[in-house]
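A.B. asks: The chain contents come next:
There are 4 protein chains.
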Amino acid sequence: MPIDISARFAFHLDQPTDLLLQFEAAAIPEQKILSSETRLAEAMHVARVPAQDSIGERIWVRALGDYSVEYSARVAVERLAPELGSLAMVDPHELPGEAVGYLFDSRYCQADRMQSFVADRFGKLEGGAKVAAMRDWIAENFHYVPGASTPNTTALDSFVERRGICRDYAHVLVTFARASTIPARYVACYAPGVEPQDFHAVAEVFLNDPTAPGGGAWYLVDATGMADPAKTAKIGIGRDAADVSFLTSFGLSRFDSSEVQVTETK
Amino acid sequence: MPIDISARFAFHLDQPTDLLLQFEAAAIPEQKILSSETRLAEAMHVARVPAQDSIGERIWVRALGDYSVEYSARVAVERLAPELGSLAMVDPHELPGEAVGYLFDSRYCQADRMQSFVADRFGKLEGGAKVAAMRDWIAENFHYVPGASTPNTTALDSFVERRGICRDYAHVLVTFARASTIPARYVACYAPGVEPQDFHAVAEVFLNDPTAPGGGAWYLVDATGMADPAKTAKIGIGRDAADVSFLTSFGLSRFDSSEVQVTETK
Amino acid sequence: MPIDISARFAFHLDQPTDLLLQFEAAAIPEQKILSSETRLAEAMHVARVPAQDSIGERIWVRALGDYSVEYSARVAVERLAPELGSLAMVDPHELPGEAVGYLFDSRYCQADRMQSFVADRFGKLEGGAKVAAMRDWIAENFHYVPGASTPNTTALDSFVERRGICRDYAHVLVTFARASTIPARYVACYAPGVEPQDFHAVAEVFLNDPTAPGGGAWYLVDATGMADPAKTAKIGIGRDAADVSFLTSFGLSRFDSSEVQVTETK
Amino acid sequence: MPIDISARFAFHLDQPTDLLLQFEAAAIPEQKILSSETRLAEAMHVARVPAQDSIGERIWVRALGDYSVEYSARVAVERLAPELGSLAMVDPHELPGEAVGYLFDSRYCQADRMQSFVADRFGKLEGGAKVAAMRDWIAENFHYVPGASTPNTTALDSFVERRGICRDYAHVLVTFARASTIPARYVACYAPGVEPQDFHAVAEVFLNDPTAPGGGAWYLVDATGMADPAKTAKIGIGRDAADVSFLTSFGLSRFDSSEVQVTETK
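Protein chains in written order, with the working numbering: chain A, 2 to 267; chain B, 2 to 267; chain C, 2 to 267; chain D, 2 to 267.
Bound conformation, chain A alone:
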């Protein structure tokens, strides 16, 4: 069953500024873009580049003054979502090079500093069962409070404050997984059922793929519990929110508004 996505956002630039936008559902095997329409306000120039790991595209825009973006799409998600607890860990030395990069600390996910907590709390579990326990621990110990965090909030901040939004929940889960030598990345996405409706974010962990012996695959995990992996449309991925924001401004910008609607197609 496809999902219907509608998003728009607007911002203002006091002087000519370079921006990277990434807001379109990615055209990748696990999700088919049935239809889509992107409307960008007029800009000094626009250019597309492949996004991280070639999942989706980033759009360079150089603009001035008021700027707005509108996007709508229908996406058929065909993602397998196996029971997380059944998935084994991939031994670190058997990880493919591309997954190894997602073990390292990043802007918002300083995993090295959480090794002691993670070992004490989750050390007796393995693989997918460990990740499931991390997800449940976050769900139980955090409060979902829009406005409680800022763009500077890191996973460590969130761990201290125990409050945040999807971005913060995903950062903490990514951090826990990496501290446990499980590669983890951040996924910007659209998903029905997110309250309040907005751009959404979840984590993705690299675990054994039971359908391909000896191999591994990335699995979506949402510590907020709001998104169903089988109905989630990925925009892009990155080490954390620094890599895959819908709007990255290389200069000062004033964000004005955004509006997102995601529904299951009837």
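These are computed hints drawn from the structure, not numbers from a lab.
Copies of the same chain look alike in the list, so a pair counts if it works inside one copy or between any two.
Derived SDA-like pairs: lysine to any residue, alpha-carbon spacing no greater than 25 angstroms straight-line: (1) Lys125 / Pro211; (2) Lys125 / Arg255; (3) Lys125 / Glu141; (4) Lys125 / His46; (5) Lys125 / Asp137; (6) Lys125 / Trp138; (7) Lys125 / Asp19; (8) Lys33 / Ile56; (9) Lys125 / Leu65.
In this text, all values refer to a predicted model and were calculated from it rather than measured experimentally.
Here the structure of chain A is known, so what remains is to put chains B, C and D in place on it, guided by the hints.
C.D. replies: Leaving out everything else, chains B, C and D in the frame of chain A:
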């Protein structure tokens, strides 16, 4: 004229622990490995994987107890080192996808938070001249003080404290460049002339390549002024020190000692 | 010439919560409260305690639901405001015990980490001339941007970001002074000429008192340049904003609005 | 039964530097200084001032080059140490002004950011029973690891890393208590039984005094479990370690060594 490298380091692990090591000069076109020898202590297992952007290799080791590494090599560096001030910027929307990733904030280089300072201080300059001014500003305003920083020290910490070592100088330069929309990465390397002798680190920025019109290339810049790009052997690169440490431990380890000697071959 | 103050603010408490309020002009020798009126919404209880160093009062309130405060006053300020540059430093070992406490690091003013910068930049100056240079340096290098900082923003954050409001300017000045072994504290105040009109904050430094040989006194310094010390009504003082907020909530509260008007009496 | 204290420490100053030292057991009613000897190396000048809340003394020293301090004392501690769990909370609005100041955030104890965690974890308990649960929670969840923290480590850092020394344990306990509207301060002290032997630190909380109806008193609490309040000699108190270090240097200093021995007199 080649350089001779000799390095050894040792650490202790209280329980079986996975480690990533990266300490060998990379086999890449700009430097030829004339000879090399690596001696790893016995481990529970050892596996090599390509390192970031396929520059050099990382070595997975699973070990317990005392562990030591010895490495020696002779490397012929054939790197062009054009006058930095003569290099033009590559317009953001013309950057190749692989360089775009080095514009984003990373663990130790939170460039978004320095946009205001960088615009005020360096905003009137362009391209290589701007990077050269950043390098000189750091050299003038920082004190090289071994022991003044820790593995947690970020570029923002260093900017406040105005003290640090090569790692910190490189982080600040990377941060300044990114805040100015110039891709920048962190380079672990060996270089003669580093005082005190140790593993070294410099920055690398992506600017126009005058020998390939329309294209860009990475250029080494050392804000400490100790390393000559034409005599520097790269170990590997990353967004910052989180990606390219000679020792990344996924569990608690106790570092015991390291010793590095780099000399120009006579 | 007196000043007229009018302030109101409102907030909401989801459950019974203890709050400390401090918003009234202090009754101290250097300013006379000609008239004043305070209206507190009904509370579960209200109690007054002397505020820090007995300058002004704090009001304990235990309340639930919507809560609002209204305050108006006419205050005659009789503060001497000597030329800052003419004031000598008090030697640390001659400081009175009460001033010594304002040399230490506090929540938002981590002076120890800025000793190197302060020594390099201002080390050749002494006493009031040094403080004046610090004030002018901040005025020159910072942008006054309402909304650019949060209640978590420290002086180090502000030093990095070069943007903030009166609170941030005062924190940076306090930090610089302490890093130079000059006692400095944070002053919450009302002042005409503040744009946009709001609660204001400035720094106060302890320097030699030329009218009392061998002694010292506290002198107001406003790095934003908006407040005239001779027309500023102090509310209270503290090590930094943590001590002297108009609203400190010991539990979660939702701030709704505030409105401040300060004018010179005609 | 008295305790015998012996301490010495040494450091080096490259240029004339002002220092504050605080290392002597305080002469206060709850502990009698039976004998003591302080030997300070020669300095450019030395001056004593009362320390915070008049508990103990700070010593100003202006010195250059190598500097050392030796101290020995015999102290009879006569401190009541009631069962913590039996002590009631003092209602915030009944706190004396001097205790109110210890509710605010300080350099290393940013209590506002931990209100959510503290309410969730300890919210159903009251007064001394709540503090005892905080102490036990820290003891259970932290690892005592000399060298795992630095002078910059805050309570939030320690809460994330779950490792530290007495200073860190005390900071976390102070932070938890304040987040729960219980005044808490930091106590530098000497105590037998501390392993490894060193300067020690504990927390002190303000709770009801059953011997003085309507009043409150400060009670020592050691989350490390190493010090017995009935045998602990206080050096001084402060909001946190920033206020009551044995060595606060207003300029760069190089710490060389320290040695502390505390034993029960036989």
